[in-house]
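Enquirer: Residue-level listing of the chains:
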Amino acid sequence: DAKTTQPPSMDCAEGRAANLPCNHSTISGNEYVYWYRQIHSQGPQYIIHGLKNNETNEMASLIITEDRKSSTLILPHATLRDTAVYYCIVRLTSNTGKLIFGQGTTLQVKP
Amino acid sequence: NAGVTQTPKFQVLKTGQSMTLQCAQDMNHEYMSWYRQDPGMGLRLIHYSVGAGITDQGEVPNGYNVSRSTTEDFPLRLLSAAPSQTSVYFCASRGQGWGNTEAFFGQGTRLTVV
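For the protein sequence lines, the chains are A and B, in the order given. Just add 1142 to wherever you are in the first sequence, counting from 1, and you've got this note's numbering. Just add 64 to wherever you are in the second sequence, counting from 1, and you've got this note's numbering.
Be aware that a few hints might be false.
So, partial list: chain B residues that the calculated Cβ filter (under 7 angstroms) puts toward chain A [said to hold, decoys possible]: (1) Phe74; (2) Gly106; (3) Leu107; (4) Tyr128; (5) Phe169; (6) Gln171; (7) Gly172.
According to the in silico footprint, chain A covers these stretches of chain B (three or more CB under 8 angstroms from chain A) [stated by the list, open to error]: (8) 81 to 91; (9) 135 to 143.
It is worth saying that the hints were derived from the structure and are not from the lab. Built from N, CA and C at the ideal position, the CB exists for glycine as well.
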């Protein structure tokens, strides 16, 4: 599975959009980009995933560059409850379910 | 819908003791995994299973054993606990699907080895 690089921490004002970047320059064509978050030592929570196209769900949007070497997770209107560690993971479609976590980005949403 | 259930939530062990961390899921998921998370760190994969009777090692398997006798359960055994195994342990499960389904995590077991 491709390695990912994320900034260790970011701040965001409440109500503003939070844009979390992720570099995955060695991603291969059949690897998906996944985002999970972990709120205060709880179990990680799935947010969104994508392969090539941009994706949106009720929680967030995922923008993947055309060359697929980087992506951005967007929380459109961050709230204090979005304060968490956000993990970007790339995984093969045939992967046996295992996720390899990096250090993630600690997002602090401030009032 | 219980999802992924881990027991116990907290445990204190003495060095050299053995114990089993329990993980059960009620979603009929084929894939199950165990992770550990040390303070200020990301999750590291210990062992995983692709179905009943099949297990394999992850990134940090030493000191841990697993078995998968049923689809629902995936216990993690510490045969002789060491202080270095003090950590938070998470169990996860995922459906086989098309290879792109989300993983569900339990709430964790906080283990202290003294």
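Enquirer: Give a verdict on every hint.
Expert: Hints and how they fare:
Hint on Phe74 of chain B is violated. Least Cβ distance to chain A is approximately 12 angstroms, over the 7 angstroms limit. Taking 7 angstroms as the C-beta cut-off, the interface hint given for Gly106 of chain B holds, the closest approach to chain A being about 4 angstroms. For Leu107 of chain B, the interface hint holds, the least distance from its beta-carbon to any beta-carbon of chain A being 4 angstroms, beneath 7 angstroms. Evaluation of the Tyr128 of chain B hint against chain A yields a violated restraint, the C-beta minimum of about 15 angstroms exceeding 7 angstroms.
At a threshold of 7 angstroms, the smallest CB-CB gap from Phe169 of chain B to chain A is about 3 angstroms, leaving the interface hint in force. The criterion of a C-beta within 7 angstroms of any C-beta in chain A is met by Gln171 of chain B, whose closest approach is roughly 5 angstroms, and the hint holds. About 6 angstroms separates the beta-carbon of Gly172 of chain B from the nearest beta-carbon of chain A, less than 7 angstroms, and the hint is met. Counting residues of the stretch 81 to 91 of chain B whose beta carbon lies closer than 8 angstroms to any beta carbon of chain A gives 0, which falls short of the minimum of three for the stated coverage.
Only residues whose beta carbon comes within less than 8 angstroms of a beta carbon in chain A count, and the stretch 135 to 143 of chain B has 0; fewer than three means the coverage is violated.
Violated hints, listed in ascending order, are 1, 4, 8 and 9; each of the other numbered hints is respected by the structure.
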